[in-house]
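K.L.:
Now for the letters of each chain:
Protein chains: 2
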Amino acid sequence: MSHHSLYQRTGAFYNQNGDCDFVVWAPFRKKVDVCITHPQPQTWPMQQDDFGYWSVTLPIAPGARYVFILDGELQRPDPASLSQPDSVHGASEVVSRDFEWHDADWAGIEKRDLVIYELHTGTFSPEHTFEGIINKLDYLQQLGITAIELMPVNQFPGKRNWGYDGAYPFAVQHNYGGVQGLKRLVDAAHLAGIAVILDVVYNHLGPDGNYLNDFGPYFTDKYKTPWGAALNYDSAWCDGVRNYYLQNALQWLDEFHIDGLRMDAVHAIWDFSAHHFMQQLKEAVQALEQQTGSKKILIAEIDLNNTRYINPAEKGGYNLDAQWIDEFHHAVHSVLTGEVNGYYEDFGKMLHIEKAFRDTYVYNGNYSVHRKKNFGSSVVENPYDQFVVFTQNHDQTGNRLMGDRLGTLVSYEALKLAAAATLLSPYIPLLFMGEEYGEKNPFLFFVDHENEQLAEIVRKGRREEFAYFKFEGDFPDPQDVSSFDRSVLSWNIQENPAATMLAYYQTLIQLRKTHTALQGRGRNSMQVQGFGDSKLLV
Amino acid sequence: MSHHSLYQRTGAFYNQNGDCDFVVWAPFRKKVDVCITHPQPQTWPMQQDDFGYWSVTLPIAPGARYVFILDGELQRPDPASLSQPDSVHGASEVVSRDFEWHDADWAGIEKRDLVIYELHTGTFSPEHTFEGIINKLDYLQQLGITAIELMPVNQFPGKRNWGYDGAYPFAVQHNYGGVQGLKRLVDAAHLAGIAVILDVVYNHLGPDGNYLNDFGPYFTDKYKTPWGAALNYDSAWCDGVRNYYLQNALQWLDEFHIDGLRMDAVHAIWDFSAHHFMQQLKEAVQALEQQTGSKKILIAEIDLNNTRYINPAEKGGYNLDAQWIDEFHHAVHSVLTGEVNGYYEDFGKMLHIEKAFRDTYVYNGNYSVHRKKNFGSSVVENPYDQFVVFTQNHDQTGNRLMGDRLGTLVSYEALKLAAAATLLSPYIPLLFMGEEYGEKNPFLFFVDHENEQLAEIVRKGRREEFAYFKFEGDFPDPQDVSSFDRSVLSWNIQENPAATMLAYYQTLIQLRKTHTALQGRGRNSMQVQGFGDSKLLV
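Line by line, the protein sequences are chains A and B. What the first sequence shows, in our numbering, is residues 7 to 544, in sequence order. What the second sequence shows, in our numbering, is residues 7 to 544, in sequence order.
FYI, nobody ran anything at the bench for these hints, they're computed from the structure. One or more of the hints may lead you astray.
[Unchecked claim] Straight-line C-alpha distance at most 25 Å; calculated DSS-like pairs for lysine-lysine:
1. B/Lys378 with A/Lys36
2. A/Lys228 with B/Lys230
3. A/Lys230 with B/Lys230
4. B/Lys142 with B/Lys422
5. B/Lys228 with A/Lys228
6. A/Lys228 with B/Lys466
7. B/Lys36 with A/Lys378
8. B/Lys321 with A/Lys321
9. B/Lys230 with A/Lys378
10. A/Lys37 with B/Lys378
11. A/Lys378 with B/Lys37
12. B/Lys378 with A/Lys228
13. B/Lys378 with A/Lys230
14. A/Lys230 with B/Lys228
15. B/Lys228 with A/Lys378
16. A/Lys466 with B/Lys228
[To be verified] If you only want the chain A side, here are some residues facing chain B, beta carbon under 7 Å, derived:
17. Ala280
18. Asn312
19. Asn380
20. Gly382
For each residue, glycine too, the CB sits at the ideal point set by N, CA and C.
All chains, please: the whole structure from these sequences, using the hints.
P.N.:
This is the structure:
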């Protein structure tokens with residue numbers, strides 16, 4: 007890297023002398039102060055460098071609260087805050103990064119060994135916390151999964167959220183257990199032989215509590231995202247923004263011992279620069295791997311059917327380890343349920359499942375009726391374990407109006423077929439919490455906005471989003487606490503058919519791990535033979 | 007290609023029976039008619055296919071004028087009109103595409119042999135036409151250049167324009183000589199052993215006379231360009247837009263025997279799809295080459311310092327033949343003139359010239375003060391003849407407020423140094439008309455808008471554009487005919503120092519063609535050794 011604005015840590019960090027370094031990027035401000043609000047109110051001026059980073063070192067104990075004061079006027083929490091105990095609008099908390107780790111023997115997980123279990127911290131356990139997940143690690147170990155994937159844990163508005171409305175990418179959601187809670191979970195998971203993947207959002211910020219615009223040119227009006235202003239990854243001053251998210255990734259992977267990142271909607275990271283942010287991030291992570299000897303995995307959620315993101319650098323790729331592939335889900339789901347509304351109109355035939363197995367991208371240059379354009383490129387040499395597949399996940403369940411799980415839509419036998427298709431495929435399988443025992447509770451969309459106007463916008467947005475599914479009846483209210491409560495796992499696993507289903511999943515995972523014929527990950531390790539519409543696939 | 011909406015010709019074409027096929031893309035219209043306005047007014051209904059292409063076949067003689075009627079209301083010229091005799095707002099003209107070619111022995115030009123001469127048809131010759139260029143072919147042959155590059159000849163508003171305000175990409179500017187005039191020029195150039203490169207604009211349309219929006223979703227609001235709405239290359243219905251420009255490229259390269267395209271500001275072609283439009287275009291042109299046996303060259307003007315556009319497909323590239331490289335100009339210009347205002351603030355030292363020769367991209371990942379970001383990627387294996395360099399061109403001359411040529415800014419010796427740097431480099435050299443004899447006339451910015459409001463917007467835009475150059479004095483008025491008149495070449499080549507300079511250019515070009523040491527185009531064919539700020543380069 008040629009410029010010191012890259013790899014500049016921001017936030018509050020204790021140095022070797024036990025003092026706390028505060029650093030914040032605010033290139034257009036004439037004056038920035040740090041204001042300690044608790045326990046002893048006091049304001050300190052910060053010094054600016056050439057690239058707009060302001061810093062000061064103070065003798066401050068952990069637990070202190072602070073805000074930055076911009077140009078003597080605006081009081082704002084730290085954009086790189088680790089802890090927001092009061093809310094997304096309240097003061098930031100100085101947190102010690104010390105933690106006693108026990109996972110020195112853990113060196114990460116290989117991509118080919120991944121069996122991912124996606125979970126939402128708030129609704130996974132009756133405790134609604136990281137501690138609640140720790141209490142289930144034995145269960146997950148017995149199930150056989152090799153990695154948990156946490157939906158975003160960054161601080162979001164209120165107490166209930168999927169996580170994609172996060173306003174503080176560096177902070178750990180306070181009512182989940184905060185910084186110490188997450189570190190304890192990662193440590194315990196590693197001791198149980200389970201990797202931890204974290205879902206991170208680098209394409210937008212939540213609508214409430216995001217004050218980045220007050221600090222600097224974090225956003226650009228050159229591009230639009232479905233969620234508002236696009237982050238500035240390629241215009242003037244973009245290095246400050248890129249550094250912000252690079253530091254974020256390194257915080258999780260290094261300081262928190264996280265094994266991999268699942269990056270949300272990478273197609274909405276608009277970057278036309280010669281050095282794409284994904285490539286830069288991968289290079290930074292490779293440097294970390296070399297330094298620590300620990301394997302780290304980068305997975306993109308992406309809707310472009312473009313192998314550039316996962317191709318190696320010598321093929322002009324960004325070299326990410328893997329990508330999500332929704333089309334596998336759509337193909338299986340639409341055949342099993344018969345649904346062909348909305349985006350399912352591009353699927354629904356056995357040939358789509360056949361293509362999802364053989365070519366990975368169902369749309370690899372052919373015309374998509376739903377998208378009204380030719381879509382995608384071919385997968386040629388990419389091994390199967392560059393693609394994460396699922397027949398259930400948070401989106402495909404929760405983005406149904408009623409949050410209905412596949413288990414409530416199709417027969418028991420169809421459900422078993424879907425599980426086998428996923429778990430015995432040469433792809434990386436991902437399960438959604440509860441599917442392993444046929445959970446019947448829905449997974450609804452829920453928020454907890456303090457601002458009623460915003461809650462209404464969310465309600466309206468959901469209605470519009472589902473307009474084309476032509477649903478008739480009452481819409482669940484995302485803001486109502488019942489949407490959250492109804493989505494918590496029941497853990498009714500003792501009785502049938504749940505117990506049988508659980509045993510079946512255990513067996514499939516065991517089969518996957520032990521059966522030699524299921525170990526192939528290369529492009530030629532599988533032959534797919536379809537028989538037209540006969541619903542038979544060999 | 008998997009979908010018939012690709013490679014669908016649009017416009018008016020005579021078929022084998024001598025009837026005229028009219029085809030137009032208007033996917034959201036309920037009804038489209040073609041209205042013959044001359045010689046015999048009559049209206050004919052058109053039939054629509056599944057992808058929004060409307061067509062009808064009529065027994066119509068060349069010379070007829072026509073418009074399309076959209077939904078029975080709007081009368082609009084043909085977006086793929088070949089000829090707009092009255093103006094960008096008038097009816098389109100049916101033109102025969104027959105032409106008696108004499109260039110059967112011409113098979114195109116190799117990239118390594120290019121010595122390009124950029125010219126503007128209106129101001130190059132006293133005739134202001136293609137015919138005027140034909141009259142100068144002997145001169146150009148003696149100069150030794152191997153290709154002329156025509157600034158855009160698409161139909162623009164009024165009679166005077168650089169060409170980048172074109173509203174009819176398929177039409178040939180009427181007062182230049184129209185379709186027949188251009189074909190005669192290409193034919194004559196080929197007989198003189200000179201290739202013809204055409205400057206085409208695929209990133210925006212001019213502000214006046216562009217009715218594409220009435221026909222269909224040609225534009226998107228997902229991205230912004232400096233010139234208004236971005237063309238829709240990657241959203242729903244984009245195949246109709248992509249087809250439009252593919253057909254345009256093929257029209258020039260096939261029907262008009264053009265040898266190559268110089269594509270304007272390719273960085274403003276926003277395309278995030280897996281199959282980038284540049285790649286698709288290259289594939290279409292390769293198919294044409296195979297079919298015709300004639301070599302075609304695609305050159306991008308691009309400001310991204312990203313080799314992806316010119317890398318081969320196996321390296322994830324779009325496989326264009328070459329790109330313009332402004333930095334070479336900026337490095338040489340700023341050292342010779344001492345100018346370090348505006349974008350020249352990133353240049354001005356000998357080390358920049360040194361880097362421009364050795365690394366091609368002066369900004370290859372390092373921090374640009376002017377752009378306020380790290381910029382560019384490294385050129386590794388790309389041969390030198392993938393880069394077009396110049397020390398003068400239409401932009402670098404005409405986008406100075408007073409249109410001053412380098413010859414009026416620096417000493418005679420400095421001018422000769424600049425010429426040698428360009429013509430003896432292993433890059434593809436490009437000259438700007440008149441520089442070969444040290445033309446003193448300026449090349450100003452000029453327009454001829456019918457709409458006075460638009461003329462005022464252009465005036466204001468120029469003032470703002472040059473604000474940061476801190477120019478003091480009167481601004482030339484682009485709309486005033488004197489801006490055009492003053493820009494016409496003087497052709498004062500008989501007397502010194504012009505005659506000496508011309509002889510010098512001839513000698514340099516001759517040297518380039520004959521001297522073995524100057525033939526290397528590979529990355530290791532040249533060693534560059536700088537000596538700090540001593541203004542010496544070996």
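K.L.:
Do the alpha carbons of B/Lys378 and A/Lys36 lie within 25 Å of each other, as the hint requires?
P.N.:
Measuring from Cα to Cα gives roughly 18 Å; hence the hint holds.
K.L.:
Given the hinted pair A/Lys230 and B/Lys230, is their Cα-Cα distance within 25 Å?
P.N.:
Given that 25 Å is the threshold and the Cα spacing comes to 9 Å, the pair holds.
K.L.:
CA of B/Lys230 to CA of A/Lys378, is that 25 Å or under?
P.N.:
holds, 22 Å
K.L.:
Answer holds if the nearest beta-carbon of chain B is closer than 7 Å to that of A/Ala280; otherwise answer violated.
P.N.:
Cβ of A/Ala280 sits 4 Å from chain B, so the hint holds.
K.L.:
Against the 25 Å threshold, does the CA-CA distance of B/Lys378 and A/Lys228 hold or violate the hint?
P.N.:
This hinted pair holds, its Cα atoms lying about 16 Å apart.
K.L.:
Taking only the CA atoms, is the gap from A/Lys230 to B/Lys228 under or equal to 25 Å?
P.N.:
holds, 5 Å
K.L.:
Report holds or violated for the interface hint on A/Gly382, using the least CB-CB distance to chain B and a cut-off of 7 Å.
P.N.:
Since the shortest Cβ distance to chain B is 5 Å, the answer is holds.
K.L.:
Would the pair B/Lys142 and B/Lys422 pass a check requiring their Cα atoms to be no farther apart than 25 Å?
P.N.:
holds, 24 Å
K.L.:
Within 25 Å, alpha carbon to alpha carbon, are A/Lys378 and B/Lys37?
P.N.:
holds, 21 Å
K.L.:
Between B/Lys378 and A/Lys230, does the CA-CA distance stay at or below 25 Å?
P.N.:
holds, 22 Å
K.L.:
Run the distance test for B/Lys36 versus A/Lys378: straight-line Cα separation, threshold 25 Å.
P.N.:
The given pair, whose Cα atoms are some 18 Å apart, holds under the 25 Å limit.
K.L.:
Does B/Lys228 sit within 25 Å of A/Lys466, going by the straight-line distance between their CA atoms?
P.N.:
Roughly 22 Å between the alpha carbons, so the hint for A/Lys466 and B/Lys228 holds.
Going through the hint list in order, the structure satisfies each hint without exception.
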